Amino acid sequence: MDDLLKDFLTETSENLSTLDVELVRLEKNPEDPEIIGSIFRLVHTIKGTCGFLGLPRLERLAHAGENVLGKFRDHELDVTPDAVDLILASIDRIKLLLEYLEENEKESPDGDDQDLISALNAMAERKKEAAAPASVGEGIPAQEPDEFGFVPVPAGDMAALQANMENTEAPAPKERTVPQKEALHTEVPTAAPVVQEKDSDRTGKSGNKVSSGSSVAEQSIRVNVDQLETLMTTVSELVLTRNQLLQILRGEKDSAFTSPLQRLNQVTSELQEGVMKTRMQPIGNAWAKLPRIVRDLSHELSKKIDLQMLGAETELDRQVLELIKDPLTHMVRNSADHGIEIPEERLRAGKPETGVITLNAYHEGGHIIIDIVDDGRGLPIDKIREKILARGLATEAELASMPEQQILQFIFKPGFSTAERVTSVSGRGVGMDVVRTNIERIGGTVDFKSVVGKGSSFSIKIPLTLAIVSALIVECATERFAIPQISVVELVKASPTSEHRVEMINDTPVLRLRNRLLPLVSLRKTLRLGEDTLRANGNAFVVVVQVGNSTLGIIVDRVFDTEEIVVKPVAPILRNIDMFSGNTILGDGSVIMILDLNALVSCVGNVSNQAIHAQATASAQSAQTGGTQSLLLFKAGDGAQKAVPLSLIARLEEIDCKKVEYSSGMPMVQYRGKLMPLIPVVAEAEVPKEGSQAVLVFADQDKHMGLMVDEILDIVEARLQVDLSGRRPGTLGTCIIDERATDVLDAAHYLSQAFQSWFGEEQTAYGVDQALRRVLLVDDSPFFRNLLTPLLTVAGYDVTSVETANDALKLQDEGLVFDAIVSDIEMPGMNGFDFVSALRGGNGKWSKLPIFAMSSHATPRDLERGRLAGFTDYVAKFNREGLLNALHETLNQGEIHHE
Amino acid sequence: MSSLPVSSSDSKQITSTNEAEQGMFVTMTVANQIFGIPVLKVQDVLGTQSIAHVPLAPSEVLGSLNLRGRIVTAVDVRTRLSLPPREGGEPSMSVVVDHEGELYSLVVDKVGEVMSLPSVDFERNPATLDPRWQDVSSGIYRLKDTLLVVLDVARLLHLEQTKAA
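Protein chains in written order, with this note's numbering: chain P, 1 to 899; chain A, 1001 to 1165.
Because the hints were derived from the structure by calculation, they are not lab data.
Computed from a prediction, not measured in an experiment: that's the story for all the values here.
Backbone N, C-alpha and C fix where the C-beta goes; we use that ideal spot for every residue, glycine too.
Wrong hints could be hidden among the right ones.
Unchecked claim - Short derived list, chain A residues pointing at chain P, Cβ under 7 Å:
#  : residue
1  : Asp1044
2  : Val1045
3  : Gly1047
4  : Gln1049
5  : Ala1052
6  : Pro1055
7  : Leu1056
8  : Ser1059
9  : Ile1071
10 : Thr1073
11 : Gly1101
Only chain P is shown next, with the shape it has when bound in the complex:
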């Protein structure tokens, strides 16, 4: 039997048995997206493979089933028992067809599956009654292959199916030809169960590279895979025991055991190698299907593609091989389908007509690297951007600030496909997310680069074997832990005197590493192993690890060497501690835990997302303020560098300490004929008795507040790249300024301190005639909300701030009343223009309110557009005087009108 067909049958029957189970689970938990996703992928795989093998009848049925499942996944259809029945019926039909295929090595020519396909299509259409299904031709007989081995697919049929697909208008019916495998008819049929055949096949291949033919049976025997697994485990244990013995012996000189142990050592190594070898298979086995797939694809898509495979003899563990087979196939398929252009396009771009996809496998430091390189058009970054926006995965502002590589990473998100058209090949969003998940599941990583017009290159790094992994042994509080070596990027020794030192932002340690702030996690703290010793001496070993897209440093006490370890699962009693992925016995016989870095990352708060988010928000802010803004740098409290936007500061003063007076314990000073409260940056800081005190004066109208600082350092123009993760009262977050970690001061915090205690009374008195105006502030950026809220509060407004326009509309529905609204323009979801239109157009209480737009785009055209949309006024961001004046004028005018 044809290898491909054989593999297909085994795989599909495995898949189908899984499917049965999954579907029953789905019926019980119809809302579980994970189950739906996995069923969908299984059917997708079946359909895809059928397409390549030229099994049109199966493919059509699977395709129709997939449509329905797709709707489940996108929540367009509810999972009802009948729907599941129908899917199960289709699966039973697929099984029947497969049985026939297995016996006769060709698709059953009798009958068709129109009944089921129509039912499935009807199901898929159920929610979209308006778009009537294209008439499904009843009773179209399944076509037998013609003399050339081609099966014409009825055009009407295709159109009907296409019509069901989302986002797709039915393309011109196209005579699609599916090549039929000629070999099907020539090979000798076999009655042996397929699974066994596959086994024998593997054994044959792993033992010796035998091309094919009769000698296989004589040279190799069939060994159950489980048997090999058991053998492998036993050998692993033996290796560990040997290591233990060696360790004991190391302490004793001239022992009688020395020479037999050496022998044991050698034999064990040989045995280990031998057993490993039985599990090793050349990666070429996983590639065997690819030339055929690429060939068929190039025909189907009228492309010229040359597939080059290098390093096919590179061996890796069969378990790993099995697991990367599908991801690899998928990626090559992607390259052929999306990457390589059609010949005309290639010629126009000045490239040779034939596109090249290169697969290259090689060993590198205990890992296997597989590169998949094509010289096609590269990933369409614009389309990815569009798709990100369409799916609401990021805002435009965030995207604008992201480096291209980061945007490209979005292709690994579930349901992300940029194929314009859903083809039978790809474009349904079963994609790179699955590839990545599969690869990461086996402890591998996938990395890629893409240059528009030049092609893309994926690089997969996977461990040689799963049974034994190499791990870095570290010590923390006298306990040892293993960190999987594959994730370790580098080791840094930090001490107060060296180039690298750990800096503290409040209690959060960070490390400056090549001009980037590396978030640090103290293992001691995370695992609750006792007090941190870091502060005491500043010496620390930092293991820099990369998990997915996030890089972080783990602070440990000591680093030992790397050791090969056999991963064992943790006892069920300990399984709910997600910090460990397993445990192992070291060479010296001690049991140690293996750290689960994914859990570590998520435990410290999703570092990557936070970093990305903070970066995005901050750059969005700096984009809005024309890139940079003036910051005043100063030192206060713990001596760390701090910054505050200069626009908030009225004056810098040196105050003679002798002039400081106290009123109810609060230091203050006479300033311009009034009393000005002095607020320390760090609570409880005392005003020195002698000398002078540097003060930052924050002023608003006739109120002043002095913030006492130790030293004013500088005024710089800098981009505010605020990392919000370090937020706590008094600071907005941290950022790097002048290559130093800097806290960005939250002026709001101090202003409220000063004015609650000092001006509080006066404000109430004031409020009688000014009747606290209520202002609603709508801004997606927490930074601006934090800046503007105190500003407006101090100016005598009662401020409510919300994050999105939708939140604001909710407040309207709840019946809240405001005197004015200040809204940002660029916001995720509903933007400022839509927001104001919604208010003006609606009959809500707010339809007549003065609404102020706040934006960095303050060109005359923007102003015009703002006024047209219904804004009362348009103020440039950071123009606080402008905003206050506008509010004041408009509201007082309103008062006159009222009167």
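Dock chain A against the given chain P, drawing on the hints supplied.
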């Protein structure tokens, strides 16, 4: 074997002699109280072992140890029964039991002998027994001069409940 009904017949060799052996217990002492575990559950008896601490583990779990290449999780019976911790320096012993294919070491003060106890001396837990003890005890045997509490290993190793409480 795995399809056998779950009962006292955890080991395959004894299915025939099940009845006769039903009353065989390994006895042990924790805070002067005698406990018993069905002998067939017991794999090993160990002296004081060096146990590697497992961070973040429930307080009952002392850590893990290496028993001839297998990782065994050590559970402190004192903590599990809400008894005061052992005096520092006092040696401990442990009974290694097999539970659902995993090995656990139950750390106790002292391991005694194997006793064959007639079922006529068996009684159910008195209703007034501390609920925490009720939870892990499947009954009491009246010995000549003392009482023996039969520990239910499965429930003893079921920590979620205690954690939630």
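Which hint numbers doesn't this structure obey?
-> 1, 2, 3, 4, 8 and 11
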